[in-house]
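Protein chains in written order, with numbering that gives the first Met the number 0: chain A, 0 to 209; chain B, 0 to 209.
What the hints contain is simulated information worked out from the structure, not anything from laboratory work.
Bear in mind the structure is a predicted one, so any value in this text is a computation, not a measurement.
Any given hint might turn out to be false.
[What the hints assert, rightly or not] The calculated DSS-like cross-link candidates involving lysine-lysine, where the alpha carbons are at most 25 Å apart (straight line), are:
(1) B/K23 with B/K143
(2) B/K25 with B/K39
(3) B/K197 with B/K22
(4) B/K25 with B/K197
(5) B/K204 with B/K186
(6) A/K146 with B/K22
(7) A/K104 with B/K180
(8) B/K104 with A/K143
(9) A/K39 with A/K19
(10) B/K205 with B/K186
(11) B/K104 with B/K197
(12) B/K25 with A/K197
(13) B/K205 with B/K39
(14) A/K197 with A/K186
(15) A/K205 with A/K143
(16) A/K186 with A/K54
(17) B/K205 with A/K146
(18) A/K197 with A/K19
(19) A/K146 with B/K146
(20) A/K143 with A/K23
(21) B/K146 with B/K22
(22) A/K205 with B/K146
(23) B/K146 with A/K104
(24) B/K182 with B/K39
2 protein chains.
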Amino acid sequence: MECTRLTLCDIGNTSFDFYKDGKKEKIFVADYELKEGDEKIFYICVNEKIATSLKNFPNWINLQDFIELTNYYETMGIDRIMGCEAVQNGVIIDAGSAMTVDIVKDGVFCGGYIALGLHVSHLAYTQISPRLDYSYNFEIDLDKMPKNSRDALTYGQLGLLYRDVVSHSLPIYLTGGDAPKLKSIFKDAILDEALLFKGMKNIMKKANLC
Amino acid sequence: MECTRLTLCDIGNTSFDFYKDGKKEKIFVADYELKEGDEKIFYICVNEKIATSLKNFPNWINLQDFIELTNYYETMGIDRIMGCEAVQNGVIIDAGSAMTVDIVKDGVFCGGYIALGLHVSHLAYTQISPRLDYSYNFEIDLDKMPKNSRDALTYGQLGLLYRDVVSHSLPIYLTGGDAPKLKSIFKDAILDEALLFKGMKNIMKKANLC
Chain A
0 MECTRLTLCD IGNTSFDFYK DGKKEKIFVA DYELKEGDEK IFYICVNEKI ATSLKNFPNW
60 INLQDFIELT NYYETMGIDR IMGCEAVQNG VIIDAGSAMT VDIVKDGVFC GGYIALGLHV
120 SHLAYTQISP RLDYSYNFEI DLDKMPKNSR DALTYGQLGL LYRDVVSHSL PIYLTGGDAP
180 KLKSIFKDAI LDEALLFKGM KNIMKKANLC
Chain B
0 MECTRLTLCD IGNTSFDFYK DGKKEKIFVA DYELKEGDEK IFYICVNEKI ATSLKNFPNW
60 INLQDFIELT NYYETMGIDR IMGCEAVQNG VIIDAGSAMT VDIVKDGVFC GGYIALGLHV
120 SHLAYTQISP RLDYSYNFEI DLDKMPKNSR DALTYGQLGL LYRDVVSHSL PIYLTGGDAP
180 KLKSIFKDAI LDEALLFKGM KNIMKKANLC
């Protein structure tokens with residue numbers, strides 16, 4: 000069957016994100032009941048409890064079993080691996096509760112890192128002092144060192160990230176819930192909210208699953 | 000009177016840090032009782048409640064009143080300003096609950112930023128997921144992109160900071176409670192736990208207070 004006709008699912012800690020025929024559908028974990036069925040669903044899952052349950056449902060196929068893990072490292076999140084599988088050359092920023100950044104050159108993972116997501120880092124500032132309760136300035140000019148508090152905090156998170164990411168001189172891919180916000184910082188980046196699903200499809204093609 | 004013979008005090012949210020004759024003494028806010036006295040104490044204070052109380056004690060002299068604030072910006076912390084006043088050319092990292100980074104060239108503040116301190120950022124990772132509960136690796140090789148979880152988190156905080164700080168090609172000064180830990184990352188940095196007091200003395204000399 001053609002890959003696009005198949006149902007894919009990216010399972011996180013809070014939701015099942017389905018993808019079929021180019022369309023995404025999010026169902027929160029609390030609202031989704033696993034049922035027996037015939038339709039094959041190809042998934043990745045970072046939620047350990049759900050991963051255990053899914054072993055009882057043979058129509059749910061874990062794409063983790065089809066990855067050449069030697070290219071990656073043991074504790075690397077499966078979502079990061081799928082981002083890397085989607086790209087031949089690039090820096091992949093997945094802006095969720097964490098902000099993961101991975102480098103791929105000629106189809107090979109070259110390392111990456113995990114910064115804090117926008118929401119979590121903002122909360123952390125407010126925990127230091129209520130005087131650090133500023134929203135990030137996505138219109139900041141990162142060519143100048145900041146001379147006001149809001150920009151000083153923005154630079155301390157997004158400026159440092161920006162300077163590292165652009166230093167790799169590779170195409171930049173943005174995905175994850177906060178990707179649209181980051182687009183105004185990474186103006187030349189490719190915004191692709193289905194990037195992980197592209198990686199999943201590439202794995203399925205390599206494994207002759209479609 | 001010579002500056003070194005005078006008593007200086009840096010008042011934070013949790014402690015009074017005294018400095019006299021080259022020695023520091025820390026007294027926690029809860030353990031310190033303000034009393035009338037004759038000895039002049041030259042202080043800076045970020046604790047608003049204490050700042051208000053101190054107005055009733057004429058022997059406590061607020062150095063904030065002697066700063067040319069036009070060189071800085073209105074909401075900039077007085078502790079950051081004192082770090083800048085201590086240095087003619089350099090990047091000043093004050094590693095406390097927040098990690099402030101300020102640039103001074105030819106004695107002039109050129110901007111700066113506020114990242115998260117080590118403790119707060121570590122806590123923030125654990126709030127995202129218990130799987131991100133790694134201590135930072137201060138022996139990390141920052142010339143390589145990480146390929147393990149502990150280094151991925153370390154790079155996401157300290158690697159990004161390092162790459163920005165060294166890009167300014169200026170001497171690096173480290174101060175604040177976590178400065179000794181950062182010394183293994185910033186190997187060529189000047190570790191100076193009395194840097195803010197040096198800035199205070201410079202202000203006092205300019206103002207003919209000593």
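So which of those numbered hints doesn't the model satisfy?
-> 1, 5, 6, 7, 10, 12, 15, 16, 19, 20, 21, 24
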